[in-house]
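Asks: Sequence:
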Amino acid sequence: MLAVAATLLVPIVMSLRGQDPFRLPKDLLVLAIAIAIAAAAIVIWLRSTTRNQQSRAVRTVPLIAIGSVGWTALAALFSTNHALSNRAILWVAAVAVFACAVDIGGGARSTLVIAWPLIPAAINAVIFLLQRFHVWNPMTFPADLPDHMRYTALLGNPDDVGGLLMAPALVAVALALCDRRRRALWIPTAVLLLAAVATGRLTSLLACGAGLLVMGFVRSRKVGAIATALLVIGGIALVVGDPPTRARATSIANALRAHDYAEATSGRITAFVSASMMAMDHPLFGVGPGCFRWAYFEYKVAAERAHPSLAKAWSADYNFGEAHNDHLQTLAESGLPGYALFVAALVILAASSRRKATRENDDDAERDTLVRTLALPTSMSVGILCLAHFPLHLAASTLTIIYIATLCVAWGAHAEVKVPPALNECLAAIIRTRRMPATLSVAAVIVVVIGAALLIRRIALQRWQCNLTEKEIQTRTSLTYDSVADPIQTSRNAHDNLAALEPCLDAAPNNIALYMLAAANQRLIGRDADAAAMYRRALRYDRRPELYYNLGVVELQLHQRDAAIADLLTAVSFSRAYLRDLPADVQAEVSDALRRQYPYLAGT
184 MLAVAATLLV PIVMSLRGQD PFRLPKDLLV LAIAIAIAAA AIVIWLRSTT RNQQSRAVRT
244 VPLIAIGSVG WTALAALFST NHALSNRAIL WVAAVAVFAC AVDIGGGARS TLVIAWPLIP
304 AAINAVIFLL QRFHVWNPMT FPADLPDHMR YTALLGNPDD VGGLLMAPAL VAVALALCDR
364 RRRALWIPTA VLLLAAVATG RLTSLLACGA GLLVMGFVRS RKVGAIATAL LVIGGIALVV
424 GDPPTRARAT SIANALRAHD YAEATSGRIT AFVSASMMAM DHPLFGVGPG CFRWAYFEYK
484 VAAERAHPSL AKAWSADYNF GEAHNDHLQT LAESGLPGYA LFVAALVILA ASSRRKATRE
544 NDDDAERDTL VRTLALPTSM SVGILCLAHF PLHLAASTLT IIYIATLCVA WGAHAEVKVP
604 PALNECLAAI IRTRRMPATL SVAAVIVVVI GAALLIRRIA LQRWQCNLTE KEIQTRTSLT
664 YDSVADPIQT SRNAHDNLAA LEPCLDAAPN NIALYMLAAA NQRLIGRDAD AAAMYRRALR
724 YDRRPELYYN LGVVELQLHQ RDAAIADLLT AVSFSRAYLR DLPADVQAEV SDALRRQYPY
784 LAGT
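All residue numbers for the sequence shown refer to the working numbering, where the first residue is 184 and numbers rise by one.
In short, the hints are calculated from the structure, not lab data. Mixed in with the good hints, there may be bad ones.
What the hints assert, rightly or not - Calculated lysine to any residue pairs in the SDA-like style (CA-CA distance at most 20 Å, straight line):
1) K405 - G201
2) K495 - L762
3) K495 - A534
4) K495 - D443
5) K495 - T552
6) K654 - A219
7) K654 - T673
8) K654 - R363
9) K654 - R206
10) K495 - R763
11) K405 - A393
12) K654 - A636
13) K654 - K601
14) K495 - S198
15) K654 - M699
16) K654 - G290
17) K495 - L684
18) K601 - A683
19) K495 - M699
20) K495 - Y783
21) K495 - I435
22) K654 - A690
23) K654 - S198
24) K654 - I695
25) K601 - Q202
26) K405 - R363
27) K654 - Y664
28) K495 - P782
29) K654 - V628
30) K654 - P620
31) K495 - H510
32) K654 - M322
33) K654 - V632
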């Protein structure tokens, strides 16, 4: 029930109160529910009085989950930034707990349980289509925001919407093909989700189209031929009838002919090249789980040095927190073994389509047919989607994909893996329930529940409270800088802001915005040395060009010119835009150093 609740709630939960209204609430809800699931499992294990029956097989999904958590933890030992990798271990463990809960709880259920993700997907699809065709938009946006970025649904941006809807769209089509009793429900749901995917982003459209094509041929050659014809006709109609899609298709074609790969990949080519370089430099363990954003600065500069044309791309100033390619990012962060686990999961999911139909009862036959129809197309679509997006780093799309894929594997022919008897006995000894006195059992349950509550408070609730504090202080600080305020009141406000930020810096040490707010308030009261220390502290968690730039500006105020020039040069090596606001003498000195040390940037 908790896993189903997560599947239903995570894609639709959001809050306009916080600084991050879309992604952070979903991330924190996933962590909180994973802790609750783990606590519930421990309580059930403690209170159970029966012994598990031994078998010569283990479940495939828990095996993959344990392998993923284990390798993530091992790769973290060799990470380039242990603080960020520790957070990544927590996220991977939460997703693993969710997958195991779906495998155990959904393995024996009817086919209808796979339809739960269609509910939040349909809600997001309706909101997205209303926004897309300018009927109604519940969100308020800045006046200068591009039109296409206003199509957010409850997820944040059009790419996130496409990443979420793709898998549920395939499920709806598969149910329409396999469940004749409820076809009147599944067909309109499939049409709604497919319409939203079609009017969204190109990557999700291509991934979904490939999945539908494979699904058609999995059913039969006749259905495959019909699916091919429909997809070709639909694709032509979409390009001809939808101006944004036509413009984007034309832009990509022209960019490829001109060898402008930045335009063809929406500016992502630099992130792709950087991730590839990370993987080549760290083939076994990667740069560390969760460390792509940390390593990007260094490798972005190296990529431009190796390929000077990248420095002239329109996206050269962008600081990518994700590679926008989960294949490359997994390889870069966790090395070849981590990527092998990712590929193995896709292969196991695809192999579930090989299951032969059973004749035990109608429900089993229907479930077998659904798995054969859905598993391979879903694996194909996820693999394609991950080529130009990062769905496995977004809570809503991650849980939706994991939920659907886990049920396919749990119902498929490879739901279990045979193990040697000796290993099976060891596993059975670990998970076998132990009898204990009732008083001790109750006390253990109480400890588990209290521990889970404290973890949820520490990991989720405190971080959300700090997010609210961040937005409040951001507003107050901006107003102070934009107005001519009374010096005494400014000092009082700055001290209050710093006092409010202090516990948040302990609760969310990798939130760079908190350090920047703290430094801004310290500068308001003339504590430039403390502001510089705060910027240096932030650089332990992320190497952003704005951090180096602000640190250099503060060092100029502190008359530390050599250190300032070095930090400003570092910022400008990433983005030449930082030269604009520097004093003329400093600008000239940094420009001279830039020409000497980074000659390939000439003309940028």
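Asks: Please write out, lowest number first, the hints stated earlier that are contradicted by the structure.
Replies: Hint check: 1, 3, 5, 6, 8, 12, 13, 14, 16, 17, 18, 19, 25, 29, 30, 31 and 33 fail, others pass.
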